[in-house]
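Chain by chain, the residues run as shown.
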Amino acid sequence: MNLILQSKVPNFWAQPFNSQGLWMGVIGGLIVGILLFLGLMFMPAQFRRPVVTFCTFIGGAYWVLLYIFPAPIDLQKTEMPTGPVESIGKWLTDANPVVVSISGTVTAFMLGLGIFSLLSIHLKRISRRQKDWVYSVVLLVSLVSMTFFGYADYISRQGPEGTKLDLQANWGLVNYGRDLLFDGLLQQMDAAMFSVIAFYILSAAYRAFRIRSVEATILLSTALLVILSLMGAVAFIWNGSVQHLANGNDFLLNFQLTEIAGWIRRTFETSSLRGIAFGVGIGALAMGLRIWLSLERTGGGA
Amino acid sequence: MLIAEAVGQQYRETGWFGVLFTAILVSFLLINIQRAKMGKNLYIRRIAGLNAIDEAIGRATEMGRPVLMVPGLSDNVNAIAVQAINIFAYVSRLAARFANPILLCCYNAAVFTLAQEVIRDVYQEEGLLDRFDPDSVRFVSDRQFAFAAGVSGLILREQTAATFFLGEFYAEALIFAETANSIGAIQVASSTEATQTPFFIAACDYVLIGDEFYAASAYLTRQPVLVGSLVGQDWSKLLVIALIVFGTIFNTITVQSKTTKAWDDDNGVYKDVSERQNDPKQSFIQQLATPFLPKMEVERPKDPEAEANK
Amino acid sequence: MQPQKSLGEKLQSLPKQVLYLILIVLTSVPLFFPVKVPNEPLESSIDLYASLMAVKPGETVLLASDWTNSTRGESLGQFNSVMRILMRHNVNVVLYSTGDAQAPRVAQDAIAKLNQERMATGKPEYKRWENFVSVGFFPNGEATVNGMGTSVRASFNGKKDFAPGRGLTDVYESPILKGREKVSDFPLLIVVTGSKTSNITVERLSGKVPIAFAVTGVMGPETGNFYQSQQIVGFASGLKGLYDLEGLMEDGVNTPDKSGNVVVKSSKYGPIPGFPGEKNDGQGRAYYPTLHFAVGLLILAVIIGNVGMFLSRAGGRK
Amino acid sequence: MHPLFTYDGIKVTCGVLATVGLYSVLYRENKFYRFFEHLFLGLAAGWTLVTIWVETLKGPWWDIMVGVPPEKAGDPIGNGNWAYILLLPLGLMGYMVFSKKHNWMSRIPIGIILGLWSGQQIQIWYNTYGKQIAGTAQPIWPTTLSSLTVPNYDKLQLAPDALAAAKSQVYLSQAITNFLFLVTVVCVLSYFLFSFDAKSKAVKSASSLGRYLLMIGFGAIFGSTVLMRFTLLIDRMYFIWIEWFNNIILNRH
Numbered sequence: 001m002n003l004i005l006q007s008k009v010p011n012f013w014a015q016p017f018n019s020q021g022l023w024m025g026v027i028g029g030l031i032v033g034i035l036l037f038l039g040l041m042f043m044p045a046q047f048r049r050p051v052v053t054f055c056t057f058i059g060g061a062y063w064v065l066l067y068i069f070p071a072p073i074d075l076q077k078t079e080m081p082t083g084p085v086e087s088i089g090k091w092l093t094d095a096n097p098v099v100v101s102i103s104g105t106v107t108a109f110m111l112g113l114g115i116f117s118l119l120s121i122h123l124k125r126i127s128r129r130q131k132d133w134v135y136s137v138v139l140l141v142s143l144v145s146m147t148f149f150g151y152a153d154y155i156s157r158q159g160p161e162g163t164k165l166d167l168q169a170n171w172g173l174v175n176y177g178r179d180l181l182f183d184g185l186l187q188q189m190d191a192a193m194f195s196v197i198a199f200y201i202l203s204a205a206y207r208a209f210r211i212r213s214v215e216a217t218i219l220l221s222t223a224l225l226v227i228l229s230l231m232g233a234v235a236f237i238w239n240g241s242v243q244h245l246a247n248g249n250d251f252l253l254n255f256q257l258t259e260i261a262g263w264i265r266r267t268f269e270t271s272s273l274r275g276i277a278f279g280v281g282i283g284a285l286a287m288g289l290r291i292w293l294s295l296e297r298t299g300g301g302a
Numbered sequence: 001m002l003i004a005e006a007v008g009q010q011y012r013e014t015g016w017f018g019v020l021f022t023a024i025l026v027s028f029l030l031i032n033i034q035r036a037k038m039g040k041n042l043y044i045r046r047i048a049g050l051n052a053i054d055e056a057i058g059r060a061t062e063m064g065r066p067v068l069m070v071p072g073l074s075d076n077v078n079a080i081a082v083q084a085i086n087i088f089a090y091v092s093r094l095a096a097r098f099a100n101p102i103l104l105c106c107y108n109a110a111v112f113t114l115a116q117e118v119i120r121d122v123y124q125e126e127g128l129l130d131r132f133d134p135d136s137v138r139f140v141s142d143r144q145f146a147f148a149a150g151v152s153g154l155i156l157r158e159q160t161a162a163t164f165f166l167g168e169f170y171a172e173a174l175i176f177a178e179t180a181n182s183i184g185a186i187q188v189a190s191s192t193e194a195t196q197t198p199f200f201i202a203a204c205d206y207v208l209i210g211d212e213f214y215a216a217s218a219y220l221t222r223q224p225v226l227v228g229s230l231v232g233q234d235w236s237k238l239l240v241i242a243l244i245v246f247g248t249i250f251n252t253i254t255v256q257s258k259t260t261k262a263w264d265d266d267n268g269v270y271k272d273v274s275e276r277q278n279d280p281k282q283s284f285i286q287q288l289a290t291p292f293l294p295k296m297e298v299e300r301p302k303d304p305e306a307e308a309n310k
Numbered sequence: 001m002q003p004q005k006s007l008g009e010k011l012q013s014l015p016k017q018v019l020y021l022i023l024i025v026l027t028s029v030p031l032f033f034p035v036k037v038p039n040e041p042l043e044s045s046i047d048l049y050a051s052l053m054a055v056k057p058g059e060t061v062l063l064a065s066d067w068t069n070s071t072r073g074e075s076l077g078q079f080n081s082v083m084r085i086l087m088r089h090n091v092n093v094v095l096y097s098t099g100d101a102q103a104p105r106v107a108q109d110a111i112a113k114l115n116q117e118r119m120a121t122g123k124p125e126y127k128r129w130e131n132f133v134s135v136g137f138f139p140n141g142e143a144t145v146n147g148m149g150t151s152v153r154a155s156f157n158g159k160k161d162f163a164p165g166r167g168l169t170d171v172y173e174s175p176i177l178k179g180r181e182k183v184s185d186f187p188l189l190i191v192v193t194g195s196k197t198s199n200i201t202v203e204r205l206s207g208k209v210p211i212a213f214a215v216t217g218v219m220g221p222e223t224g225n226f227y228q229s230q231q232i233v234g235f236a237s238g239l240k241g242l243y244d245l246e247g248l249m250e251d252g253v254n255t256p257d258k259s260g261n262v263v264v265k266s267s268k269y270g271p272i273p274g275f276p277g278e279k280n281d282g283q284g285r286a287y288y289p290t291l292h293f294a295v296g297l298l299i300l301a302v303i304i305g306n307v308g309m310f311l312s313r314a315g316g317r318k
Numbered sequence: 001m002h003p004l005f006t007y008d009g010i011k012v013t014c015g016v017l018a019t020v021g022l023y024s025v026l027y028r029e030n031k032f033y034r035f036f037e038h039l040f041l042g043l044a045a046g047w048t049l050v051t052i053w054v055e056t057l058k059g060p061w062w063d064i065m066v067g068v069p070p071e072k073a074g075d076p077i078g079n080g081n082w083a084y085i086l087l088l089p090l091g092l093m094g095y096m097v098f099s100k101k102h103n104w105m106s107r108i109p110i111g112i113i114l115g116l117w118s119g120q121q122i123q124i125w126y127n128t129y130g131k132q133i134a135g136t137a138q139p140i141w142p143t144t145l146s147s148l149t150v151p152n153y154d155k156l157q158l159a160p161d162a163l164a165a166a167k168s169q170v171y172l173s174q175a176i177t178n179f180l181f182l183v184t185v186v187c188v189l190s191y192f193l194f195s196f197d198a199k200s201k202a203v204k205s206a207s208s209l210g211r212y213l214l215m216i217g218f219g220a221i222f223g224s225t226v227l228m229r230f231t232l233l234i235d236r237m238y239f240i241w242i243e244w245f246n247n248i249i250l251n252r253h
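Quick note, the sequences are listed as chains A, B, C and D, same order.
With the first letter of the first sequence counted as 1, position 300 gets the number 300 in this note's numbering; the numbers rise by one all the way through.
With the first letter of the second sequence counted as 1, position 191 gets the number 191 in this note's numbering; the numbers rise by one all the way through.
With the first letter of the third sequence counted as 1, position 156 gets the number 156 in this note's numbering; the numbers rise by one all the way through.
With the first letter of the fourth sequence counted as 1, position 78 gets the number 78 in this note's numbering; the numbers rise by one all the way through.
Hints may contain errors.
Calculated lysine-lysine pairs in the BS3-like style (CA-CA distance at most 30 angstroms, straight line) [stated by the list, open to error]:
1) C/K178 - B/K302
2) C/K182 - D/K58
3) B/K302 - A/K77
4) C/K178 - C/K123
5) C/K182 - B/K302
What the hints contain is simulated information worked out from the structure, not anything from laboratory work.
Okay, chain A solo, but in the shape it has when bound (with noise of 0.2 angstroms):
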């Protein structure tokens, strides 16, 4: 525990910065590492889903922990905790940095994998000469330029000097070459596949919003209402008329139709959003504890 509640700096865990400490104890849990790896490679099958198990509890114990162990109260960096209850508290907050790096980073090695897919699909179809076989020269093309202009870019900018390319009048070829290829065509595109949204809302609605059932009517008179309402000059006008009409009478005025719109999101839109919510929740927490406890299997066998 002792080595783990460390508060001074340097020490056993944190050494400064280039300092030959600092790189065997690199070297060092690269080879532990190492050894670890080996060993769980040839560890017997029966070890494996205790394993698994083990790790995946850890993962979860520690936000659990966090959660009911009580924090120091308001702990100042310049005062040191009171007891052993406070200590561990401060400990588990402190831990919280570096808690929270991990599923990022691990997952950050993982992509490996992801683009691996990625070639192996590509390279294949262009060795084969299959269908399509040049787009994915296209593909492949692409993403070296890209990654080549990104590092390139991003290395430029490094150091004080970095600054300097904020300002286009300093670039050089490599900081057009990521502009042009980064918010020239990739953020465009983006942008562009998010707008045909709109197409497709179009055309489902004009398909699917027809008078059949009850559902379908509630659904598509509510959407009509709210979608009027939110149109400044539709809602301007009726309630215009309303308030003239109303002339005084603040009863009336309730039948604005933004009062109206207003009313059902926030009695009927939020209330069923929130009963989902609730359910959702519920669902989340359920699923997260059956994985935090490994009590059911990944891949659901039947």
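Using the hints, position chains B, C and D against chain A.
Using the frame of chain A, we list chains B, C and D on its own:
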């Protein structure tokens, strides 16, 4: 001092009730999982969308066209992705038996890894490993709309006969749904994002709404653990309902009970009416949910080094 | 030869491509003729404006900028309006992002443009490092925001930004972050987002700091949920919210304009000034009128479809 | 020089071409679309490879592991935490997924990520839903019938205390709204009760009512979403017609 150690910061923020309530929910789940394990057979109501799965695959087999599956766009492998993959394990098991080609498009590398592993297992269990093509489970892109473009391209070129969109879907939901619809594929869809469900309803044949998605694996596989936890979820929902109803009644009564002078706007006079504390923080249930414990000081020794650095 | 289609069937089976073409035309033409459409701001938008105006000059707010060009249509305008208000109030901003790796860059570009606009009117530059720091992107959003709940400093640990003359420097060396360890040390947390990051923020930080949102229209409903249960102080949703905001910046709340009549009334607040005469209108003004045509087409299409259905039913009965 | 031949001109033109290319799928799947689709996927993958280091690994992993040159002596940021190296082999275990014999190992990193996620669910559940449960419990019986709906306070011009009193009432309309809100939440929630035999009348009627109420909610969601989608389309059209056609091709400003 002792209090300070017993009651941590988080209890002063969310209160003991939060931890207790979560604990109750957890216990509900565990109890029912135990019940189910002990062979108590528990009832699950019919879920239309799920009965459609077999039909969809059957249709795909007749046409000899592939089945496309997308386990949502989770940023990292989480329960939603896992649940989707569990359902897809069931789907691909059927597909494998009918020797029907499958396509599983992943958005995240970790999800891809899991899917690869799980689907291979499925084929192995069925003893049909020769039918498994590792490229049928593929990573398309981890950029939302590149993924959308890629998958719709696949749908159109492969002319998929059945498509399953289950998991975490956002704006791209409608792109998939309409594309698949335009080639007349039979679609089963569900998004844990309630905001996307109406679009699936508009464009898909069968839609699992909200929680039905989490019920799916229990419904399909009838594993005791899953069924049990489903019952536990229902208990939890009932508890939530009970809490809401109790809170409402209690709230209503408190409001009625306090009376004082208040303005009657019609007759323009003061008159006796009960007064509601319209500050929600005052309502009992709110205080239960988030108690406002006073800030408290704790005497601690100073850390000399930190002082020095300051 | 195929049987002649009845009018009803025709109306029900318009080719998609035709609808798409009409939509393109309707969303293109009006852009060349911008007009001001009348409007009444939503309460949530007023609350957002009020909470922004409530921040005192010299204070530092957290601004999670989680949008990129894919939601430029709504988010850019919202971001600009929010930043305009803060800049005019000389409020310092700590930019961070959990939504997208590109978000910080996009936000900086937007600020650069606003700066040009600002300096063109003779105001001093809104300086990087002294007025705003860009903390950058956090890949694991959920956990990072969670960490911010315990200590902002710890979560920002190791993050750097360009300090004038010093190059990359640890953000916590910036004057505007002095003595702001906890999230509760900030008067306001604003999230401008086109993705789920808003939920993540509420789930982990609600109650620890006042939170205000500017979200895309699609997220309006779920955000309304948090608004109703007072987990956030106010929000602008989509183009409507943006148009509200731009209007509020022009007219203020409970404040008379030149001709002396109060444009926006609210019983909730005292008078909150606007910025009449300054550049308040942006995307909202440019896009909102066009929107009416597009939505009009949608409604028309739905009506046609249903009319067609009824006609063919009537035909069937004969 | 005509702006079309400046860098910005070329850049915007590329954007327009890409946009049109992707739109062409609306007519039908074609070679033009296929080209831009693959270009899109390629660029996206390439960019991911860049960000994976620049955004995900450099800061949160490498810099913390090897540390950075300290700004001033004894500055804790300067220290490197070598233990972070252990994450590397952990991540690499994922790559065993393709091995016939050791593919189980890929479940270890996945297991850890899942574990972390699951633990968080338990941690955040109450913080997410607690307040919402409380917020749903509102008074459902009016405290005054002096006015059926909420009066227009601005018009009353009351003394502060009287105004507060008038505001603090539960008027009939509010009571009804609160009641409907309650009913909706409860019915929708009971629609998601799976393990209760639907033969029991109460559950059945509640859940079927829940479904109708859901549809109102979905309708409203659809309504509020539609506008955003159109906004993005308008933004594209603005890009094509104003930023490209008007400003660059016609060279007008």
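Agreement of C/K178 and B/K302 with the hint, judged by alpha carbon distance not exceeding 30 angstroms: Holds: C/K178 and B/K302 sit about 21 angstroms apart, inside 30 angstroms.
Given pair status - C/K123, C/K178, alpha carbons within 30 angstroms: holds (25 angstroms)
Hint consistency between B/K302 and A/K77 [alpha-carbon to alpha-carbon, up to 30 angstroms]: holds (9 angstroms)
Holds or violated: C/K182 to D/K58, with C-alpha atoms at most 30 angstroms apart: Roughly 25 angstroms separates the two Cα atoms, so the pair holds.
Holds or violated: C/K182 to B/K302, with C-alpha atoms at most 30 angstroms apart: This hinted pair holds, its Cα atoms lying about 20 angstroms apart.
Checked against the numbered hints given earlier, this structure breaks none of them.
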